[in-house]
Amino acid sequence: MARKAWVDAHRMSRYSALSLLRGAFNGQSHWKPAWRHPDPKPHYDIIIIGGGGHGLATAYYLAKVHGLTNIAVLEKGWIGGGNTGRNTTIVRSNYRQEALHNLFEFGLKLWHGLSDDLNYNVMFSPRGALTLGHSDADMVTLAQRGDAMRCDGIDAELLTRDQVAKLEPLLDMSRTARFPIEGGLIQRRGGSARHDAVAWGYARGADSMGVDIIQKCEVTGFVRDGDAVVGVETTRGRIGAGRVGICVAGHSGHVAGLAGLKLPIESQTLQAMVTEGVKPMINTVIMTQALHCYISQSDKGGIVFGGDPDNWPSYAQRGHPMIMENAVAQGLALVPALSRLRMLRTWSGVTDMSFDGSPIIGETPVPNLYLNGGWCYGGFKATPASGWTYAHTLATGKPHPLNAPFSLDRFERGATIDETGSGPMPSSR
Amino acid sequence: MMQITCPHCGPRAQSEFVYERTVDSVVALDAPSTQAMATLFTRTNPRGPDDEIWRHTYGCRAWMVVTRHRVTHEITAVRAVGPEALP
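Chains as they are written, first to last, in the numbering used here: chain V, 1 to 429; chain R, 1 to 87.
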């Protein structure tokens, strides 16, 4: 079918209760593939390397906000098969530093209308993001963080011990607990979402506006004209481009290396795990100020755990048991009832650990080449904000005010955005 | 888990070791500031072998250079280091 005819036909097929009802009379035969599988064209205005949530969101907002549709998203595997499909799907904007909470809050606002905007149910569930405090010092830090957020109009509420106990009755609130709980900070508008749906919803939306999503197409090099990048070499041939945006968090170091760049990023493995499904027992997303363990319950009922990254460089997409043991031990200490559950699956993703713990979105020293990466272990929640600001950057050649602080040159300027204040060592985060 | 052969203690579980940084990110004391900055803040981060500094923290506490593949985790060499190994 001709491209335009396909696009037009596709645009008509909005998902709705009515179309579902109509489908009931024709055996649901009206369903069409949610996106095409086009061959690459010889040239695009903008090429985005990486078909994860961030790359697809970038393409979506380039088409929707900037009206640019001669765009390709190149994905070496299948869309959403990297960190988008491997994270613990926590969505929040509870950061202390202004640049960080403003970026993530912009994203959180987009999350709240995302299913409607995409006409795709991303199952965003604002059930509250709760950070526990285990000492006076923790509570002071949480109060400070909450105040900083509230100064910028972001919701944050400091909870007493009793309020935490009421909210999450299964927490070990005893005074003899391994990690005594003194209170918490909650962001009630935070929560979780369905990871795959985010990738698929953005893909469907971008595709319906004419963006080419090209899977099984790995970038193997950059085509240069002098210094400038004018295209990419791929496993499906050479493709020309006006601008190229790297969006491959986890593998940013490798892809930027193809252009001769050395980044302030070290790749590490981050693992997560899920138990068998049970009835609702965890009401919020539980995180803690002192430990590195986060617990939530998926809509299917499984308890999702996450912990520390494996604190040494790795591209392996598989984790080490000693780190998993640590995360689970912390989780069981917080919620002893979890000890009765069986673990079903564990998996790992490769994360871009940046040298101040914050992402990098902006220009590179190479003309026409842009970078979006360095998301450490917190990129999923930023998907809409990352796509929006990166689309702005790629469309105009200049950063959006929200991503201007996250430039690649901030390290040499001494303008790092270091939320934990732990200095330039990825392994200390 | 990895098993790392400490040059002083022999093969030991990885849990006894702590990763420090890559060899090429050690800043020379007389490096000019731009070079010191680049060394401190950027990494080659190869999807292949690299030379890394590890410490047998919960063992003999000695530093060593481990040549390790970043995808397979295969360790091809471990050597002891002292001050003479620094740039």
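Some hints here could point you the wrong way.
What the hints assert, rightly or not - Reference listing, derived: stretches of chain V covered by chain R, where coverage requires no fewer than 3 residues with Cβ under 8 Å from a Cβ of chain R: (1) 250-257; (2) 320-329.
What the hints assert, rightly or not - One-sided and incomplete, this derived list gives chain V residues near chain R with beta-carbon spacing under 8 Å: (3) W31; (4) F106; (5) Y120; (6) A148; (7) L167; (8) M173; (9) K262; (10) P313; (11) S314; (12) W347; (13) S407; (14) E412; (15) A415.
Note that these hints are calculated values from the structure, not bench results. Note that beta-carbon positions come from the ideal geometry of N, C-alpha and C, so glycine has one too.
So, going through the hints one by one against the coordinates:
no. : hint    : in the structure
1   : 250-257 : holds (count 4)
2   : 320-329 : holds (count 3)
3   : W31     : 39 Å, violated
4   : F106    : 27 Å, violated
5   : Y120    : 33 Å, violated
6   : A148    : 26 Å, violated
7   : L167    : 36 Å, violated
8   : M173    : 32 Å, violated
9   : K262    : 4 Å, holds
10  : P313    : 6 Å, holds
11  : S314    : 6 Å, holds
12  : W347    : 16 Å, violated
13  : S407    : 13 Å, violated
14  : E412    : 5 Å, holds
15  : A415    : 12 Å, violated
Comparing the model with each numbered hint stated earlier shows that hints 3, 4, 5, 6, 7, 8, 12, 13, 15 do not hold.
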